[in-house]
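Colleague: We have chain A; now place chains B, C and D with the ligands onto it with these hints.
Protein chains in written order, with our numbering: chain A, 1 to 147; chain B, 1 to 147; chain C, 1 to 411; chain D, 1 to 411.
Source of the hints: derived by calculation from the structure; they are not laboratory data. Remember, predicted model here, so these are calculated numbers, not experimental data. Just so it is clear, CB atoms sit at the ideal spot from N, CA and C, and this is done for glycine as well. Just to be clear, a hint being listed does not mean it is correct.
PhoX-like cross-link-like pairs, simulated, lysine-lysine; straight-line CA separation at most 20 Å [stated by the list, open to error]:
#1 A/5 / D/404
#2 C/401 / B/5
#3 D/401 / A/5
#4 D/137 / C/137
#5 D/307 / D/297
#6 D/18 / A/5
#7 C/265 / D/135
#8 B/5 / C/18
Heads up, incomplete: computed chain D residues facing chain A, CB under 8 Å, no partners named [to be verified]:
#9 301
#10 351
#11 377
Short derived list, chain B residues pointing at chain D, Cβ under 8 Å [said to hold, decoys possible]:
#12 37
#13 39
#14 40
#15 125
#16 126
#17 127
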Amino acid sequence: MSLNKLNQLYLAVVMDHANHPHHKSSLPDATKSVELHNVSCGDDIRVFIKTKADRIEEISFTGNGCTISQASASMMTDALKDLTIPVAIKTCDDFFQLTMGKTLTSKAKKALGDAAILGSLAEFPARIKCATLAWHAAKEAVGGEIK
Amino acid sequence: MSLNKLNQLYLAVVMDHANHPHHKSSLPDATKSVELHNVSCGDDIRVFIKTKADRIEEISFTGNGCTISQASASMMTDALKDLTIPVAIKTCDDFFQLTMGKTLTSKAKKALGDAAILGSLAEFPARIKCATLAWHAAKEAVGGEIK
Amino acid sequence: MDKKFENVIKDFPILSQKINDEPLLYLDNAATSQTPNPVLNEMVSFYQSENANVHRGVYTLANEATTAYENVREQVAEFIHAPNAKSIVYTRSTTESLNLVASSFGDLVVHESDEILITIMEHHSNLIPWQQLAKRKHAKLKYVELADDQTLDIADFKRKLTERTKIVAVTQMSNVLGVTNPIKEITRLAHQQHAYVVVDAAQSVAHQSIDVQDLDVDFLAFSGHKMLGPTGIGVLFGKAELLDEMNPVQFGGEMIEAVSRTQAKWQSAPWKFEAGTQNIGGVIGLGAAITYISKLKMTWIEATEHKLLTYLLPQLVQIKGLTIYGPQTVAEHGSIVAFNLANLHPHDVATGLDMLGVEVRAGHHCAQPLMTTLGVESTVRASLSFYNSLADMDRFVYDVKMVKEFFNRES
Amino acid sequence: MDKKFENVIKDFPILSQKINDEPLLYLDNAATSQTPNPVLNEMVSFYQSENANVHRGVYTLANEATTAYENVREQVAEFIHAPNAKSIVYTRSTTESLNLVASSFGDLVVHESDEILITIMEHHSNLIPWQQLAKRKHAKLKYVELADDQTLDIADFKRKLTERTKIVAVTQMSNVLGVTNPIKEITRLAHQQHAYVVVDAAQSVAHQSIDVQDLDVDFLAFSGHKMLGPTGIGVLFGKAELLDEMNPVQFGGEMIEAVSRTQAKWQSAPWKFEAGTQNIGGVIGLGAAITYISKLKMTWIEATEHKLLTYLLPQLVQIKGLTIYGPQTVAEHGSIVAFNLANLHPHDVATGLDMLGVEVRAGHHCAQPLMTTLGVESTVRASLSFYNSLADMDRFVYDVKMVKEFFNRES
Ligand SMILES: Cc1ncc(COP(=O)(O)O)c(C=O)c1O
Ligand SMILES: Cc1ncc(COP(=O)(O)O)c(C=O)c1O
Chain A
1 MSLNKLNQLY LAVVMDHANH PHHKSSLPDA TKSVELHNVS CGDDIRVFIK
51 TKADRIEEIS FTGNGCTISQ ASASMMTDAL KDLTIPVAIK TCDDFFQLTM
101 GKTLTSKAKK ALGDAAILGS LAEFPARIKC ATLAWHAAKE AVGGEIK
Chain B
1 MSLNKLNQLY LAVVMDHANH PHHKSSLPDA TKSVELHNVS CGDDIRVFIK
51 TKADRIEEIS FTGNGCTISQ ASASMMTDAL KDLTIPVAIK TCDDFFQLTM
101 GKTLTSKAKK ALGDAAILGS LAEFPARIKC ATLAWHAAKE AVGGEIK
Chain C
1 MDKKFENVIK DFPILSQKIN DEPLLYLDNA ATSQTPNPVL NEMVSFYQSE
51 NANVHRGVYT LANEATTAYE NVREQVAEFI HAPNAKSIVY TRSTTESLNL
101 VASSFGDLVV HESDEILITI MEHHSNLIPW QQLAKRKHAK LKYVELADDQ
151 TLDIADFKRK LTERTKIVAV TQMSNVLGVT NPIKEITRLA HQQHAYVVVD
201 AAQSVAHQSI DVQDLDVDFL AFSGHKMLGP TGIGVLFGKA ELLDEMNPVQ
251 FGGEMIEAVS RTQAKWQSAP WKFEAGTQNI GGVIGLGAAI TYISKLKMTW
301 IEATEHKLLT YLLPQLVQIK GLTIYGPQTV AEHGSIVAFN LANLHPHDVA
351 TGLDMLGVEV RAGHHCAQPL MTTLGVESTV RASLSFYNSL ADMDRFVYDV
401 KMVKEFFNRE S
Chain D
1 MDKKFENVIK DFPILSQKIN DEPLLYLDNA ATSQTPNPVL NEMVSFYQSE
51 NANVHRGVYT LANEATTAYE NVREQVAEFI HAPNAKSIVY TRSTTESLNL
101 VASSFGDLVV HESDEILITI MEHHSNLIPW QQLAKRKHAK LKYVELADDQ
151 TLDIADFKRK LTERTKIVAV TQMSNVLGVT NPIKEITRLA HQQHAYVVVD
201 AAQSVAHQSI DVQDLDVDFL AFSGHKMLGP TGIGVLFGKA ELLDEMNPVQ
251 FGGEMIEAVS RTQAKWQSAP WKFEAGTQNI GGVIGLGAAI TYISKLKMTW
301 IEATEHKLLT YLLPQLVQIK GLTIYGPQTV AEHGSIVAFN LANLHPHDVA
351 TGLDMLGVEV RAGHHCAQPL MTTLGVESTV RASLSFYNSL ADMDRFVYDV
401 KMVKEFFNRE S
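Just chain A, with the same shape it has in the complex (with noise of 0.2 Å):
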């Protein structure tokens, strides 16, 4: 196999976002805050988000990762942004479908905005811990149970 299909998961909205992070700072007065580790690389991302009733009014994340993983937390903050609980935890869920090649209904997609476009992962197996890792330490904050 040639490069060419590094195109389909290295895209330019994945090279953007991992260029120029969305909400990437930490949250002085978040209501919670979980940091999580890719053990086989030591990447860690920690996720804040403020929550007021039962609405996420405020997300964002620190860390350090690889391109797939910053995009994906970014993408993650625009995504979880806003949403009650219970939606944001759905949307968790069906992201985590999405990496193992399921296909959602085109409402699931449009509430990943950005990031439903990381179905291709599905090809790229081993990197699927990088893409989920954000979103699983999001679920954590939310109280969602862990995977």
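Modeller: Just chains B, C and D with the ligands now, kept in the frame of chain A:
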């Protein structure tokens, strides 16, 4: 193979020693006694010796075991009694060689007495441990290095 | 014999070899089972096409190896009806599994003057770890005795189980007496006293189907090599919330989440217990063994072995001077038969049988306190498998008689 | 390539497969080596003709298995030039070997305010066990740092080695920096201070010949799976008199001499450390791997790998934006090369290489404190073996450049 081959091992003289072991008792005035276990079956043999100057004045054994271990222990006491310690150690070593199928000099064989007959053990490798237990205990008792 | 049996036999080439010029009759299945070709093939094929270290690389080969390794965990969970794969820890053996519980979990829950209740029929591997724990903690180790029929004395269990009992460790099937213990009832009673139940399934796992949720056991241990798998791979099942509480006992490799110069943080269970490179090939073999058993069907294995025992036991009972340990009736007996011949030492008997190509164990079977209770040093033991035939049973009985005659003639 | 090389390649069918439609180029030999057919055949043949549990039966099959198992112990002793087989303990892995030393021997000799001296380049498996021991004993864990050229700073070692140092634990070859440490000198200095020396030979054992008596090390650990053997088998060498002093850490099975209801007596070393059924098939595979290496000759392996590195390293050094960790010169470098490409994350690089069929590691390589010292989170790592060719090196360099271009174009 029929059971005929067993006759090579369970010779009349072996059965005789096993059924009527020589020096099977404890020695109240022993100068040293050593107990060894056959870990796979749980059999144990304790060898007692009484030395004077450099000579084994008395030697005996107690303990349970199979035909081979009992017969061999009995033969051992016959062989080692009255030997000097260096000669006793040498005799033990000769016996170990014999059970591993080595051919001994006729002098060495003679020193082993009835035990010389156990050369057939080389054909029954799984039973060598049974036969050597008492001799290892004896060697340890006279201060020869173990194994 | 039926077609299925004939096909099975072909998978075990070792069984068609000669020992001392006689066809091998392997009756030491309780020590280790033989490994069928499909299991060996699966392992070889793993080494020849997917071999890489697991949980380490992002490349394709490593990912395939990791997936294969984790899939077997799911398979093991299903095999013993565990709620999920997270409750399955890979170890070297039953022995290591039981040691892990005793040293990690035992240290958490057993304190001074607490009690640990085990049975007198335990294998050393489910005995010494508790003896050591009791010593370390100044706790009391108590033994449930045998009833008159040499099954476990449940009344004695009830008497000895107290509110001080923190752990009950018991074998599901004795490797000497052949009895299966009533684990479900034991667990129910133990839980009433808030004691945890650790089950040694080394002997049962290949002979009956196990449902850890139905039994409600807290921990259960077994080995691959006694269930058609390779050596060097074992399993510890533990309830997820208990595994979570436990500290690892070995450190290094992929069991960590993060390490600095001064401290380290562990991964979650089960991975925190799997320090260093595991027996990946062994895991693959274990998975293949489960697949093999599932294809045969455990019910068929049970029925086949029961038929063998039903045929064998009454014949043995009739041999004059032969004493059988454990219950004398087929109903309570699994496919393990320990016995002695009057005035003959088990080693001599085993050597005689070996000359006839029949491979049985002679010894204390790593159960010395049980031997003492039975009043013997050691016994002969024949342990059956589904790959034995009725003709094998006839031959075995005949050969035992031959050996008896040989030695009686001599003495 | 020469005839010998061509024959060698045939023994490793895994190497001729395709990964992502490209011929596999396996460069993760430091994580695990591939297993040649002769080793697999030997294991299969064991299971198909000699399989029985060891040290247990008096029958022929069990005796053959036991003999095979113990013969490999002699073979291992000879391989590392140990004085005799009694100083060879079978374990699961390097990790288990090191944990055994740290928990059993460590507990005997390290006391409050004593010092344990390790190096900053240790793998977690030779780091966390000592960190834990230091915690348990309120001892001090000290690290020897790197010199400017990223080899071990021997001056720092001399400074930090004191009369309080009880244990020096050091890797013979770093799994990241590729450097070989001067074990003989370290041991000489440590012994002057009456400290014991524990050597992690996981990376060195397959690449250079080891003489434990010449090095005079007290303990040395390695794994079968990094030296062409199967997973699940490792070795701990220990000086006989030290092994004798140590207590076992796992209990049960054949490691005992006698057991009663209240106490147990252990066998002598090395058997007292081998509780339960060991990885017998793995031991057979380890023996076959040693035979395979001996036939190839370690000097040939060394020369072949040195030639590859001599060819590769200067080419890598010339790639703009590529940083190599560890010494930059071939003279001080073993066949492991860790590197990063400027502004690229190792995971992305490894995925790119994987698309081209090149399998390398990306990560912290279980050496996080070293990563911190190097100022990175992780690196790419290519590790060579004698079954790689000069053409492989060319391809690797080419592919690294391709990947670099791909990502530079994108960003
Ligand atoms: C230097 C070093 N030490 C120890 C280990 C651990 O070896 P294992 O995983 O076989 O226990 C490794 C391998 O990853 C290593 O490279
Ligand atoms: C009842 C029982 N428990 C534990 C064991 C130990 O199993 P392993 O040697 O595989 O650790 C055995 C096997 O000998 C056994 O029969």
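Colleague: Determine which of the earlier numbered hints do not hold for this structure and return their numbers in increasing order.
Modeller: 9
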